[in-house]
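Engineer: Chains R and L supply the protein sequences, listed in that same order. The numbering of the first sequence is this note's numbering, which starts it at 439 and goes up by one. The numbering of the second sequence is this note's numbering, which starts it at 83 and goes up by one.
Don't read these hints as lab results, they were simulated from the structure. Treat each hint with caution, since some may be false.
What the hints assert, rightly or not - With a cut-off of at most 25 Å between alpha-carbon atoms, the simulated SDA-like pairs for lysine to any residue come out as follows:
hint : chain 1 : residue 1 : chain 2 : residue 2
1    : L       : K153      : L       : Q143
2    : R       : K459      : L       : K153
3    : R       : K489      : L       : D208
Stated by the list, open to error - Residues on chain R that point at chain L, a partial pick, calculated with CB under 7 Å:
hint : residue
4    : F443
5    : F526
6    : Q688
None of the values given here were measured: they were computed from a predicted structure. Ideal Cβ placement from N, Cα and C applies to all residues, glycine included.
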Amino acid sequence: MVVAFALFSLVGLVLATAFSKAGDIWRDVSGSNDTQVRLRKSQNSISTDLKRTSFESVGIISGTLSLGPEDSPAFFFLSAIDPATGQFSRTRSGTPFWQRNILYYLTVPKDHAGLYGLTCSGAADGQGYDIGCPHKVLIRKVIDTGAVTLPSDESTMEEPLTAAEAVKYLTSPVRFDTSSMAIEPGLTDVSIVATNLLTMRAELAPSARWPHEIRILLSTVDILNAQREKPIGQTAFDLDSIHRLDILLQLFPSLP
Amino acid sequence: MKRTSHAFSLGELLVALGLIAVAILSVLALSITIAKSNREGIDHGVGNVVATQISDRLIDQLKTDTPAGSKEAFFANDFISTPYDQGVLSNNNTDFSYEIYARTVTDTSGSSLGGTTLNNRLKKLDVMVHWWDSNTKDHQGYGELQVSVSRLINEAEL
Numbered sequence: 439m440v441v442a443f444a445l446f447s448l449v450g451l452v453l454a455t456a457f458s459k460a461g462d463i464w465r466d467v468s469g470s471n472d473t474q475v476r477l478r479k480s481q482n483s484i485s486t487d488l489k490r491t492s493f494e495s496v497g498i499i500s501g502t503l504s505l506g507p508e509d510s511p512a513f514f515f516l517s518a519i520d521p522a523t524g525q526f527s528r529t530r531s532g533t534p535f536w537q538r539n540i541l542y543y544l545t546v547p548k549d550h551a552g553l554y555g556l557t558c559s560g561a562a563d564g565q566g567y568d569i570g571c572p573h574k575v576l577i578r579k580v581i582d583t584g585a586v587t588l589p590s591d592e593s594t595m596e597e598p599l600t601a602a603e604a605v606k607y608l609t610s611p612v613r614f615d616t617s618s619m620a621i622e623p624g625l626t627d628v629s630i631v632a633t634n635l636l637t638m639r640a641e642l643a644p645s646a647r648w649p650h651e652i653r654i655l656l657s658t659v660d661i662l663n664a665q666r667e668k669p670i671g672q673t674a675f676d677l678d679s680i681h682r683l684d685i686l687l688q689l690f691p692s693l694p
Numbered sequence: 083m084k085r086t087s088h089a090f091s092l093g094e095l096l097v098a099l100g101l102i103a104v105a106i107l108s109v110l111a112l113s114i115t116i117a118k119s120n121r122e123g124i125d126h127g128v129g130n131v132v133a134t135q136i137s138d139r140l141i142d143q144l145k146t147d148t149p150a151g152s153k154e155a156f157f158a159n160d161f162i163s164t165p166y167d168q169g170v171l172s173n174n175n176t177d178f179s180y181e182i183y184a185r186t187v188t189d190t191s192g193s194s195l196g197g198t199t200l201n202n203r204l205k206k207l208d209v210m211v212h213w214w215d216s217n218t219k220d221h222q223g224y225g226e227l228q229v230s231v232s233r234l235i236n237e238a239e240l
């Protein structure tokens, strides 16, 4: 009887340990997958767009201030992709026929508390950017500024946005609903590229070695694991945080 | 008629417990393998991104000839056993080591495919990227991983 009891206790202990370990592994894999998917979606969208623009057309401006500190810088550039056909447009002389401006920025969605069931308080890093809320969304806007651009009429070619014009488009969605942005002038498309991002940086030619480099840093947090150790929204996720994941993109626009 | 009841013997109990233990440990081992495969797959994806970025960086350097003379040095020489450039690039919590090799593309007679026409040389670029496990930067079961990216670079297109 005693032997049987001891054996069952031992097996129970092994079983409990195994389940606990398997649970940890599942959480690690799941959390890691989630964070990587978010980063890869952002990376794919930004890389595809930026590789098909001209370095000279890229502009960087200050982003939204949802929680006090700046959410992240925003950047915009010209695109020669005809939205109707998806094809690259050229003028008769062979130069890109710019069709639209594209704007990327990170912001905290409105009704954050209703969406996530908690409130994030802002926490600024050394550069004044928020690293407290890991629920920011990456917005991509396609804008036809000024006169309507007609693919058949080169005189209507899209002009680059000015910083003052671009700032007016930095609006936040209500939860994940972007329908309220439809009234913005010239906005032809808006999408949420990725959710649950922490921060983003954008720099033009930060190193003299690569004069046409656009350097983008995207960061996200493994929320599934982080929330077991820290209160989400009340903690700053700095570069040393083990639950923070960053991906650095060095992009080189291919057009003159 | 007398009824007899049979209890499990200690031997039977031990065999049963042994089977259960094997089953549990198998599931655990499978979980660990899945975790490693998942990590390996993610690292491969990031490795490809890094390799592509390194080749894009080089092309930008050649286009702008930064530093001066680097374009001529690249196209005038082959870098087959000694890399044109090498280093370490940190991304996605991983240190990626890279080497850049380049060789002139030749036809079957061994002549340069671009011929002797000025500014028409053609190079095959190979970027090799290798790295160890992400977080610990140590051997973690899947060993050292490597990806390579190759592309042709025509001097005239720079």
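Engineer: It remains to establish, for every hint, whether it holds in the given structure.
Structural biologist: Outcome of the hint check:
For the hint pairing K153(L) with Q143(L), the CA-to-CA distance comes to about 8 Å; that is within 25 Å, so the pair holds. Proximity of K459(R) to K153(L) is assessed by CA-CA distance (about 54 Å); at most 25 Å being required, the pair is judged violated. At roughly 21 Å between alpha-carbon atoms, K489(R) and D208(L) fall within 25 Å of each other, so this suggested pair holds. With a least beta-carbon distance of about 11 Å to chain L, the hint placing F443(R) at the interface is violated under the 7 Å criterion.
At its closest, the beta carbon of F526(R) sits 17 Å from a beta carbon of chain L; the interface hint therefore is violated under the 7 Å criterion. Because the smallest distance between the Cβ of Q688(R) and any Cβ of chain L comes to about 5 Å, under 7 Å, the interface hint for this residue holds.
Violated hints, in rising order: 2, 4 and 5; the structure is consistent with all others.
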